[in-house]
Amino acid sequence: MKTLEIRKTKLFIIVLLTALLSNTLFAQSTFSVLVEELKSGVKEMYVLNLIKGIESDNAGLKKSCIYFAGLYEIKNTVDALVKQLQVVEDPDTRILIVLSLYRIGDKEGINAVEQLVKNDESPKVKKMSTAILNHFKIDATDKNVKISEK
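930 is the number that my numbering gives to position 13 of the sequence shown; each next residue is one higher, with no gaps.
Hint data in this document are derived by calculation from the structure and do not stem from the laboratory.
Values in this document were obtained by computation on a predicted structure and should not be read as measured data.
There's no promise every hint is true.
What the hints assert, rightly or not - Pairs of lysine-lysine, DSS-like flavour, derived with a Cα cap of 30 angstroms:
id : residue 1 : residue 2
1  : 927       : 1000
2  : 1035      : 1054
3  : 1054      : 1044
4  : 979       : 1000
5  : 960       : 980
6  : 1024      : 1035
7  : 992       : 1024
8  : 979       : 960
9  : 1035      : 979
10 : 1041      : 1024
11 : 960       : 1041
12 : 992       : 1041
13 : 979       : 1024
14 : 1000      : 1044
What the hints assert, rightly or not - Ranges between beta-carbon positions, derived for each pair:
id : residue 1 : residue 2 : range
15 : 969       : 1044      : 26 to 34 angstroms
16 : 1054      : 974       : 29 to 37 angstroms
17 : 1051      : 972       : 23 to 31 angstroms
Think of the CB as a built atom: it goes at the ideal place given N, C-alpha and C, for glycine as much as any other residue.
Given the sequences, and given the hints that come with them, work out the whole structure.
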């Protein structure tokens, strides 16, 4: 009789532990999904703040945001950078925008740089933009080169 009770108790403990363990694992997986969703929402918020900084009237903030957009190659900022390229009067800021667009490597951004080379009034901006554009074209060519194996 005692053996039967011990078996029932062991079985009950095993079932209880299994239920607790599976519930814990389910809660962890649900928690990790929530964390990932939160991270993606936070990333979107960071990008929106970066775009607001790019469009800011504060010159220091604007330059910092332009720099970080290029440094981290954030493609979502290309439209804002292209718009600022047409609006900004400071030649150094326009050159920084060109450099960021080069680092991002988006086709729309490179097209805007080509237009800037043709239309900008500042010789400094034209010279730097041409150099950056030429470097981009060299990089693009190098990436398409295939080495044949013998």
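Consistency of the hints with the structure:
1. For the given pair, residue 927 sits about 71 angstroms from residue 1000 by alpha-carbon distance, which is inconsistent with the 30 angstroms threshold.
2. Pair hint residue 1035 plus residue 1054 holds up; C-alpha atoms about 16 angstroms apart against a cutoff of 30 angstroms.
3. Pair hint residue 1054 plus residue 1044 holds up; C-alpha atoms about 15 angstroms apart against a cutoff of 30 angstroms.
4. About 13 angstroms separates the Cα atoms of residue 979 and residue 1000, which keeps this hinted pair within 30 angstroms; it holds.
5. At most 30 angstroms may separate the alpha-carbon atoms for a hinted pair to count; residue 960 and residue 980 meet this at roughly 20 angstroms.
6. With a C-alpha separation of about 17 angstroms, the suggested pairing of residue 1024 with residue 1035 holds against the 30 angstroms cut-off.
7. With a C-alpha separation of about 10 angstroms, the suggested pair residue 992 and residue 1024 falls inside the 30 angstroms cut-off, and the hint holds.
8. With a C-alpha separation of about 19 angstroms, the suggested pair residue 979 and residue 960 falls inside the 30 angstroms cut-off, and the hint holds.
9. With a C-alpha separation of about 25 angstroms, the suggested pairing of residue 1035 with residue 979 holds against the 30 angstroms cut-off.
10. The straight-line distance between the Cα atoms of residue 1041 and residue 1024 is roughly 23 angstroms, inside the 30 angstroms bound, and the hint therefore holds.
11. Distance check on the hinted pair: residue 960 and residue 1041 sit about 35 angstroms apart at the alpha-carbon level, beyond 30 angstroms; violated.
12. This hinted pair checks out: residue 992 and residue 1041 have alpha carbons roughly 26 angstroms apart, not beyond 30 angstroms.
13. Between residue 979 and residue 1024, the direct Cα distance comes to roughly 23 angstroms. Compliance with the 30 angstroms bound is thereby established for this hinted pair.
14. At most 30 angstroms may separate the alpha-carbon atoms for a hinted pair to count; residue 1000 and residue 1044 meet this at roughly 21 angstroms.
15. At about 31 angstroms, the beta-carbon gap between residue 969 and residue 1044 stays in the expected band of 26 to 34 angstroms.
16. The hint said 29 to 37 angstroms for the Cβ distance between residue 1054 and residue 974, and at roughly 34 angstroms that hint holds.
17. Distance hint check for residue 1051 and residue 972: the Cβ-Cβ separation is about 29 angstroms, which falls inside the suggested range of 23 to 31 angstroms.
When the structure is compared with the earlier hints, violations turn up for hints 1, 11 and for no others.
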